[in-house]
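As they're listed, the protein sequences go chains A and B.
Quick note, the first sequence lines up with residues 1 to 565 if you use the numbering used here.
Quick note, the second sequence lines up with residues 1 to 873 if you use the numbering used here.
Source of the hints: derived by calculation from the structure; they are not laboratory data.
All clues given are correct.
Derived DSBU-like pairs: lysine-lysine, alpha-carbon spacing no greater than 30 Å straight-line:
{"hint": "1", "chain 1": "A", "residue 1": "K163", "chain 2": "A", "residue 2": "K513"}
{"hint": "2", "chain 1": "B", "residue 1": "K273", "chain 2": "B", "residue 2": "K295"}
{"hint": "3", "chain 1": "A", "residue 1": "K402", "chain 2": "A", "residue 2": "K377"}
{"hint": "4", "chain 1": "B", "residue 1": "K68", "chain 2": "A", "residue 2": "K141"}
{"hint": "5", "chain 1": "A", "residue 1": "K513", "chain 2": "A", "residue 2": "K68"}
{"hint": "6", "chain 1": "A", "residue 1": "K318", "chain 2": "B", "residue 2": "K487"}
{"hint": "7", "chain 1": "A", "residue 1": "K513", "chain 2": "B", "residue 2": "K34"}
{"hint": "8", "chain 1": "B", "residue 1": "K295", "chain 2": "A", "residue 2": "K377"}
{"hint": "9", "chain 1": "B", "residue 1": "K487", "chain 2": "B", "residue 2": "K168"}
{"hint": "10", "chain 1": "A", "residue 1": "K318", "chain 2": "B", "residue 2": "K168"}
{"hint": "11", "chain 1": "A", "residue 1": "K537", "chain 2": "A", "residue 2": "K68"}
{"hint": "12", "chain 1": "A", "residue 1": "K513", "chain 2": "B", "residue 2": "K842"}
{"hint": "13", "chain 1": "A", "residue 1": "K318", "chain 2": "A", "residue 2": "K402"}
{"hint": "14", "chain 1": "A", "residue 1": "K377", "chain 2": "B", "residue 2": "K273"}
{"hint": "15", "chain 1": "A", "residue 1": "K318", "chain 2": "A", "residue 2": "K141"}
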Amino acid sequence: MSLYSSIRLASNALRANEIGLAVVGQNIANANTPGYIREEAVFAPAGTERRGNLILGLGVRVEAVIQKIDHFLEERLRGAVSERAGGEALEQMYAQLEGIVGELSDTDLSTALNDFFSSIAEVLNQPESVSVRNLAMLQGKTLAQDVSRMSQRVRTLRADANKRIGDMAEDINRLVEEIRVLNVRIAETEGGDLSNSDAVGLRDQRLVALENLSRLIDIRVVEQESGGVTVYTGGDFLVFDGVSREVEVVLETDRGLNTAHIHLSETDSRLMPAAGELRGLIDARDTVLGGFLDELDDFARTLIWEFNRLHSGGQGLKGYTSLTGEHAVDGARLPLDEAGLPFIPENGSFQVLVRNRNTGMTRTTDIRVDLSGTREKTTLEGLAAALDAIDGLSATITADGKLHVQSDSPDHDFSFAHDTSGALAALGINTFFTGSSAVDMGINSAIARDPELFAASRGGIGADTDNAVDLARFLDLPLATRDGATLAVLYDRMVGEMAQGSTVAQAVAEGAKVFEVTLRGQKMATSGVSLDEEAVKMMAYQHAFQASSRFIATINELFGILVNL
Amino acid sequence: MAPIIGIPTTRISDIFLRERLLSQVQHDQLQIYKSQLQLSTGQRFQAPSEDPVAAMRVISLQRLLERKAQVQTNLVTNQSYLSATDTALSNVSAIVAEVRGVALEALGTTNTPEQRMAAAQQVDQALRQLFDTGNERFRGRHLFAGANTQLRPFLMADDRVEYLGDEKRLASYADIDLLFDSNVNGHEVFGGLSAAVRGSVDLNPVMTAETRLWELHGGQGISRGSLAISDGVSTSIVDLSGAETIGDVAALIRARPPDGRRVDVEITPVGLKIALDDAEGNLTIREVSAGTTAKDLGILREVGIGNVPVEGTDLNPVLRNTTLLDDCFGVRARTVVRSAGPDSDFIVEAQLRGGEWNGFSVQFAVDDPPIAPGNEYVSYDEDARSITVHVAAGQTRARDVVAAINDAGIPFTARLDPLDAVDDGRGFIDPAAHGETAWGAGEEFDQDSGVSVQNAGGWQTVSFAAAERVEDLLNLLNDAGIGLKAKINDQGNGIDVRSRASGVDFSVGENGGTTAAQLGLRTFTEETLLADLDYGRGVPDYAEGTDFTITRSDGVSFEIDVSGARTVGDVIRRIDEHPVNNEPGGVPLSARLAVAGNGIELVDESGGPGEVTVTRHMLSTAAIALGLIAPGEETSAPHHPGAVAQATVPSAGENNDLIFRALGHGTEWNGVQIVFEDAEGGEESSLFDQGAGRLVFRFDAPKTANEIIDMLASSGAGAHFTAELDPTHANDGTGEVDFGDPKGTMAGGAPAVLTGRDVNPQEVDGVFTALLRLRAALQQEDVREIQRAIDLLDDAALNLTFVRAEVGSRQQGLDVMQRRLEDEELVLREVLSVEFDADLVKVVSDLAGRQAAYEASLRASATIFQMTLLNYL
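Please work from the sequences and hints to get the whole structure.
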């Protein structure tokens with residue numbers, strides 16, 4: 001060991017501590033940089049020198065500057081981010097849906113329902129009052145509009161979710177490309193195994209990009225020897241070293257919406273993420289909002305059909321003189337249950353009451369709707385012929401396939417009763433509601449024009465209020481087509497499922513959030529910068545630097561002594 | 001509560017610290033905002049998802065409250081109707097009480113006619129007041145119109161008040177599922193409708209393929225499930241849930257026979273008849289999974305008895321508006337003739353109802369040489385009760401047979417069996433097939449005669465000739481303009497007719513036929529109780545013996561005692577069966593119900609010269625009560641004289657037309673043929689053969705008309721007949737007569753008839769009848785009727801008391817319900833509040849706690865951030 005080598009040793013130490021201080025400086029500088037991974041200078045004793053039978057150390061050397069990172073934790077964190085992002089997307093959609101439904105307020109659908117049926121109860125109080133019937137009609141209209149508006153708003157929300165899904169393809173492509181480029185640059189910078197150090201800034205960027213991608217879809221990341229990462233989603237890879245795959249939007253039709261689906265362009269296989277915002281939005285669009293729309297449609301259909309069946313068997317304060325059905329058939333010679341009507345009539349019959357307005361005498365005719373299948377089935381043509389054969393009535397089929405019935409003279413009017421077939425309701429004759437789903441629900445134009453046609457009676461025109469008694473308690477009437485469930489139960493089920501789903505989504509999102517924060521905490525424990533810690537390191541490096549400097553001074557003095565000898 | 005987040009145990013980085021503190025601050029702020037929201041809205045949660053279980057309870061509570069609010073409105077609204085009704089009723093009671101006083105006063109013997117007229121004026125005034133009350137409107141509703149409140153319920157004419165309303169009540173909801181009646185109708189209060197004239201006659205409509213399943217069992221319907229048909233080897237399940245009519249049921253059963261078998265279904269007039277094909281088997285029909293369909297259809301047979309057809313029980317379809325009159329009053333005998341193969345069965349049915357057409361056999365015959373197809377013909381033998389269709393074996397189709405029978409002019413018709421018909425009966429018949437008519441019952445409906453009805457505006461005939469269906473018949477009655485209300489009765493098997501007109505007599509009688517009796521509508525029948533006659537005053541029996549004496553036109557008289565007779569029929573039989581009346585040598589007088597209108601008729605065929613009279617015993621008024629003698633008279637009004645039978649016998653040429661007449665009245669000589677026969681040299685004679693009903697003149701031509709007159713006068717036949725020259729044109733009787741067999745037939749003979757009054761008029765029981773009757777009685781000074789009117793008034797007053805009590809108790813009930821509803825609402829609101837309202841104390845203390853936590857965490861943050869090693873460097 002010579003003095004020269006001692007000086008070299010000390011200068012090594014100085015350089016090493018300078019590097020150490022530089023790393024501390026980098027860490028302090030990035031103490032608040034999101035996504036920044038704490039760095040550390042790795043010191044190692046320098047090599048040894050053999051002098052005689054002595055082996056002497058050559059001081060210190062900086063082996064590498066590395067990132068303090070736990071790759072396993074990162075992977076878990078990305079998983080948690082996916083979970084959280086998916087959960088949050090769903091939660092937000094639920095929250096918006098709840099906002100639209102607005103249950104618990106005074107303007108919700110259940111209030112509109114109650115108002116409608118209360119207005120019918122009022123008809124029982126004042127059966128003679130046309131204005132009360134008008135009110136019932138208007139409340140029915142409000143209800144129909146509320147249902148329709150709710151359906152429309154949920155559809156809009158669903159379209160928004162769908163648009164976001166469509167837009168997500170671009171985001172995924174951008175992130176995938178970024179990761180691919182970073183892969184290449186990291187490999188170039190790190191030069192494979194040539195350097196022990198990490199291409200720190202680039203890796204940080206890549207980590208951020210990966211996390212951003214995991215927010216959209218759940219991914220699996222595998223680091224390669226080269227320093228590049230392979231990114232998988234499901235069974236497909238998105239990035240493999242310097243290669244990436246693009247995704248594209250494929251449109252399909254579902255419940256009246258052109259739904260966007262994200263496919264890998266190369267293989268045309270659909271991305272089926274298990275988590276991530278995409279998954280959350282798909283769930284929201286297809287299951288939550290789509291499901292709610294289905295239930296709302298189902299609710300509206302049940303209300304329209306069952307209420308109309310009851311209504312069409314009753315009579316108003318006046319009879320009809322002319323009437324056109326609301327629903328058209330595909331063909332007048334098709335059996336009524338195969339004629340493309342939105343509601344399907346069944347084997348049964350109904351009665352037509354033709355009243356002579358001068359004498360008040362009524363003539364009843366049974367009209368058979370034979371759909372038993374044992375004989376030729378009744379067609380609209382047959383039905384029109386049977387109605388046409390009634391004295392005082394003429395029935396025709398309009399050009400667009402609707403039934404038109406008219407009394408032959410102003411002395412006669414007509415009404416309907418006792419429909420066991422549902423044919424009247426299916427054809428939209430003497431009905432209250434029109435439409436066949438939530439979105440097109442409305443009020444029969446005949447009743448809207450003339451509320452006196454509201455069919456409160458069952459014993460003849462204006463004779464009693466027996467039909468209104470049933471109509472008023474319709475909300476509690478067990479419905480045969482719904483296995484005895486009532487409309488109130490259907491509504492409660494719809495709202496209950498939504499509320500329960502929303503609660504679950506919130507809980508899931510909250511859980512994912514907590515998990516993510518916990519993992520992030522753990523990540524920060526490893527990779528986050530602690531200023532105090534850096535200060536300590538800084539002092540240590542400073543003192544080491546000072547000591548090394550002193551050592552050089554001492555050697556220098558020794559040189560001086562030697563020179564001065 | 002802030003989420004619990006694990007804190008790393010190894011080291012803490014600054015960024016972790018910062019982020020944790022940030023999220024803590026955010027969380028605290030969020031919680032404070034939530035508390036603030038709870039305070040400002042007063043709600044524990046804003047969206048259902050915050051507490052879905054409570055939210056669902058809240059939704060149902062809110063719904064309940066919203067609906068109870070409507071119930072409250074219902075109660076208040078209807079309370080007002082009932083109050084108005086109560087006020088009106090008290091008004092009516094006051095009027096009735098006042099009128100009763102007036103009437104009682106008028107009964108007093110000291111009253112002058114002027115005073116009675118004044119009383120009548122007062123009654124008239126009361127009548128108008130009541131009429132106005134009956135038509136009272138409150139909040140746009142006619143209080144007493146029944147269910148059709150738009151209608152003005154009462155209409156006044158001179159002698160009557162007509163009720164146009166109905167007997168229904170309006171219902172409104174007094175709770176979610178509780179209906180209460182919100183009005184009383186005019187019939188309940190004022191007695192707007194008479195008691196129903198409802199006959200004992202069950203119109204018993206027959207079952208047809210078009211009979212709806214819900215019409216069966218008197219309208220109760222059947223349960224539409226499935227049934228299992230087995231031949232002992234395999235079983236077939238027939239689902240009848242989609243069936244609407246009996247025809248559907250039959251078709252569905254036919255379509256699903258057990259494997260490899262054929263099941264024939266016949267729709268009989270009462271039920272179903274189900275038979276397996278001729279192969280061996282053990283026919284059973286069972287329920288599926290504890291249903292009742294087979295039992296309801298009357299074809300349940302759980303234990304087989306071989307291949308014996310199942311004869312279903314009577315399914316008793318209800319009478320409906322659209323029931324054809326053709327399908328009532330009895331059944332036409334019929335049989336189904338079945339051949340193997342489709343489209344080959346046909347039904348043979350008698351043209352008329354009645355059991356006499358049962359037991360006719362229908363069979364085929366193959367002639368030798370065989371006839372060509374298309375030439376089928378029928379041989380009909382009424383005595384042997386046989387209908388034979390001559391067919392071409394293997395070539396005759398069902399429709400050919402149907403056409404042959406329908407063209408044969410026999411009292412039977414044929415049609416294809418709709419259950420088997422596929423293509424207009426093109427199936428070939430089996431020459432061995434046969435059938436025997438059965439099910440015939442009842443009698444033809446006398447539709448053309450119509451009924452004679454007395455009601456508003458006197459007697460009027462209602463003809464049913466144009467009616468096809470029950471509804472037409474009802475409409476004809478309702479629309480006759482005489483204040484009738486006809487409907488199908490509550491049991492759904494007959495017709496009720498009631499009067500809407502108070503103050504007039506209401507009767508339904510015959511119009512020369514049997515229509516009223518067949519419909520069961522006659523108000524005066526043999527079953528009518530004597531006690532019910534004369535407005536329920538009955539027939540006073542003079543206990544000492546003879547009540548009245550009947551004298552026939554031949555002078556024979558006999559005494560009738562009505563003691564012990566219960567019904568009109570009893571009296572009629574006493575007259576008919578009286579020994580003196582039936583003594584040999586005379587023609588007995590017969591009593592019967594009037595052929596036209598109502599009343600007892602005494603028919604005297606004896607043809608005697610005298611009057612048929614009824615004379616009452618001085619102390620008995622039974623004959624008056626029975627309508628045979630007018631009130632206040634001793635003897636009956638003049639009888640309707642009979643008519644003699646006569647025949648005009650013209651001959652060629654002039655001065656030779658003769659008129660033959662019977663000497664006595666009555667129907668006995670109707671149909672007697674007058675014959676001029678060539679004696680061919682034999683003895684000339686004029687002979688009357690009573691058994692054959694022939695008056696035969698045998699003579700040798702020429703003979704003049706005058707000579708014929710002499711011949712008759714000088715013969716024994718002259719005791720019964722007389723002849724004269726036809727005076728319608730110049731006739732001196734010198735012309736010669738021609739031979740002829742017969743030359744003429746006698747007609748137009750009628751018995752002398754004494755027709756009694758209708759003594760069982762019905763009337764509307766009610767206050768209007770009482771007042772109208774009272775007014776009339778006062779005007780006519782009829783003390784007896786005044787007394788009756790007072791009784792009617794008393795009944796009406798009693799009825800009013802009941803109605804008022806009911807209205808009162810209903811009002812009370814509404815009050816109770818209203819109070820209960822208020823209590824209930826309180827409870828509901830309380831529950832809702834527990835579920836939904838924010839607990840302000842809790843929220844405020846939460847807020848304070850959160851505020852403290854927030855402040856503490858801010859302070860802690862500041863402290864933590866201040867502490868750094870760098871400060872010490």
